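Protein chains: 2
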Amino acid sequence: MATGRTHRTATRSRGIPEATVARLPLYLRALTALSERSVPTVSSEELATAAGVNSAKLRKDFSYLGSYGTRGVGYDVEYLVYQISRELGLTQDWPVVIVGIGNLGAALAGYGGFASRGFRVAGLIDADRAMTGKQVAGLTVRHTDELEPLIKESGVSIGVIATPAGAAQAVCNRLVEAGVTSILNFAPTVLNVPDGVDVRKVDLSIELQILAFHEQRKAGEEAELRDAEAAAAAAAAQSGAVEGGAAGTAGTAAGTAAGNAAAAKKRTGQGPDGDVPAVMPA
Amino acid sequence: MATGRTHRTATRSRGIPEATVARLPLYLRALTALSERSVPTVSSEELATAAGVNSAKLRKDFSYLGSYGTRGVGYDVEYLVYQISRELGLTQDWPVVIVGIGNLGAALAGYGGFASRGFRVAGLIDADRAMTGKQVAGLTVRHTDELEPLIKESGVSIGVIATPAGAAQAVCNRLVEAGVTSILNFAPTVLNVPDGVDVRKVDLSIELQILAFHEQRKAGEEAELRDAEAAAAAAAAQSGAVEGGAAGTAGTAAGTAAGNAAAAKKRTGQGPDGDVPAVMPA
DNA sequence: GTATCTTTGTGCACGCGTTCACAAAGGCAT
DNA sequence: ATGCCTTTGTGAACGCGTGCACAAAGATAC
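Residue numbers (my numbering), protein chains in the order written: chain A, 1 to 282; chain B, 1 to 282.
By construction, these hints were calculated from the structure, which means they are not laboratory data.
The structure presented is a predicted model; accordingly, all values stated were derived computationally and were not measured.
Accuracy of the hints is not assured; some may be wrong.
Calculated lysine-lysine pairs in the BS3-like style (CA-CA distance at most 30 Å, straight line) [stated by the list, open to error]:
#1 A:Lys57 - B:Lys152
#2 B:Lys218 - B:Lys57
#3 A:Lys218 - B:Lys134
#4 B:Lys134 - B:Lys152
Full structure from sequences and hints, please.
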């Protein structure tokens with residue numbers, strides 16, 4: 001996952017579990033695709049496959065919304081699209097302000113999925129006066145000074161932060177002060193907000209690091225497997241056909257040796273190859 | 001959170017819970033900041049605050065890595081930076097390929113956090129021949145035809161998909177076929193991958209929809225609260241000062257009334273203000 | 001109307017993640 | 001050396017989320 005939520009203590013809202021809320025957009029997307037193909041009804045099994053989840057989970061999720069299905073038939077696609085849209089609050093207009101029009105901010109401004117589904121970019125804000133007045137994705141970039149009036153005039157309640165990490169908290173404070181109560185944060189920083197303000201973060205660097213962890217693990221497992229097999233093969237070749245027990249022991253020994261090597265490397269306090277002493281703030 | 005994982009059944013790897021792995025980059029970032037300020041040691045409490053988590057959680061997370069702290073003192077910053085980096089696999093080089101050099105792909109290519117921490121953009125790929133040869137963030141864009149050779153030559157095991165949704169699955173298949181085992185997906189689609197391949201997704205649209213849900217809920221609660229208060233005030237004004245019990249009763253009645261009003265509003269299938277009937281039920 | 005077949009909705013059990021609370025451990029002053 | 005103070009590391013309890021498995025419910029055929 002690329003996000004986390006800084007929520008108050010309340011975990012579920014109006015009885016709908018947070019985990020379910022996070023999946024509703026997924027269902028909605030799948031349903032929209034079906035709707036476009038004029039499919040009238042869909043079973044939980046089909047829809048679950050399309051959304052990439054378990055059908056039992058999907059049914060339980062829908063059960064929190066009410067009983068919208070017909071037993072023996074499935075769910076009415078159009079009806080469900082409407083119900084989920086309503087539940088997510090997508091039947092109304094959500095003006096959004098994007099702060100920080102760098103590469104990422106510009107990409108977000110031009111993102112198609114943004115405009116659809118009730119979200120409307122109400123304004124682009126950047127602190128750099130050289131950017132002021134420039135056209136990005138058909139909108140005029142305004143200076144940070146205009147942040148508060150923009151928010152109040154347009155009734156913005158959702159803000160997107162795409163500034164450098166250093167500026168994020170200050171921008172966040174101003175957004176909240178001006179009345180924004182939901183923030184989508186792309187800056188690699190932890191934002192502190194008062195109760196009642198929701199923050200979700202999207203963090204590239206964190207996602208990559210999680211992938212790297214699993215990647216390393218996969219490589220390690222393979223290596224251990226290779227080592228174990230090699231050791232087992234060697235042992236078998238050397239001692240002839242003793243028994244399965246020997247191979248098992250050899251495998252364990254190989255694993256232990258690898259562990260010790262890692263431990264030894266650890267003590268040096270210095271990584272392998274080009275391990276810089278750590279600096280870059282991701 | 002902006003991501004989800006399409007993992008095999010294995011939930012924890014090498015004894016480290018997935019939830020902990022997802023937080024390690026957070027700790028690492030906070031520790032790196034401390035390291036730059038030459039802070040020698042840090043307590044779990046301080047570090048937890050900096051990372052935006054609970055201190056007990058942090059200690060438990062670290063306990064999965066081993067006993068790296070000193071009781072009564074705290075954790076050695078440099079040592080911990082190294083340990084976490086190693087655990088996440090950041091002490092080695094991870095060549096990454098970015099496919100789809102549109103607005104977003106270009107932004108990603110130029111993202112600073114990408115280059116840091118062992119991640120290196122090994123190549124940019126785009127299907128549009130008009131893009132081929134162009135320079136983006138100091139790198140030359142290559143055509144999709146060169147995808148497989150690039151991956152094999154550079155030993156890429158992590159791929160980033162920033163293509164339109166329609167092309168994502170095809171690109172994904174080619175990446176996996178060519179040997180990529182970790183994918184970061186920015187396209188708004190569910191990707192199907194074989195076992196052993198990790199997929200994490202970053203989805204703008206989903207994040208916004210989740211925020212909209214909470215935003216709507218907050219607005220609804222406020223409205224109910226206002227209604228209840230208004231009703232209570234009216235009741236109190238009308239019946240004068242009967243007694244504490246009356247006020248309590250009035251409050252309860254108002255709450256119930258508000259609940260009914262909300263329920264009624266729901267039944268109409270018509271939301272508040274500009275709630276279009278969208279597609280409406282069948 | 002009855003039987004059969006399909007698919008929903010959910011009770012239940014299990015496992016992961018979080019949090020509390022405290023004992024163990026180390027530093028530091030005396 | 002001894003006692004006090006701080007902070008870690010973890011056992012245990014709790015709650016949320018997931019998945020199984022099945023009864024209830026509706027459609028459809030005859």
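These are the hints, each one checked on the structure:
1. The straight-line distance between the Cα atoms of Lys57 (chain A) and Lys152 (chain B) is roughly 39 Å, outside the 30 Å bound, and the hint therefore fails.
2. Distance check on the hinted pair: Lys218 (chain B) and Lys57 (chain B) sit about 29 Å apart at the alpha-carbon level, within 30 Å; holds.
3. Using a Cα cut-off of 30 Å, the hinted pair Lys218 (chain A) and Lys134 (chain B) is violated, with the two alpha carbons roughly 35 Å apart.
4. This hinted pair checks out: Lys134 (chain B) and Lys152 (chain B) have alpha carbons roughly 22 Å apart, not beyond 30 Å.
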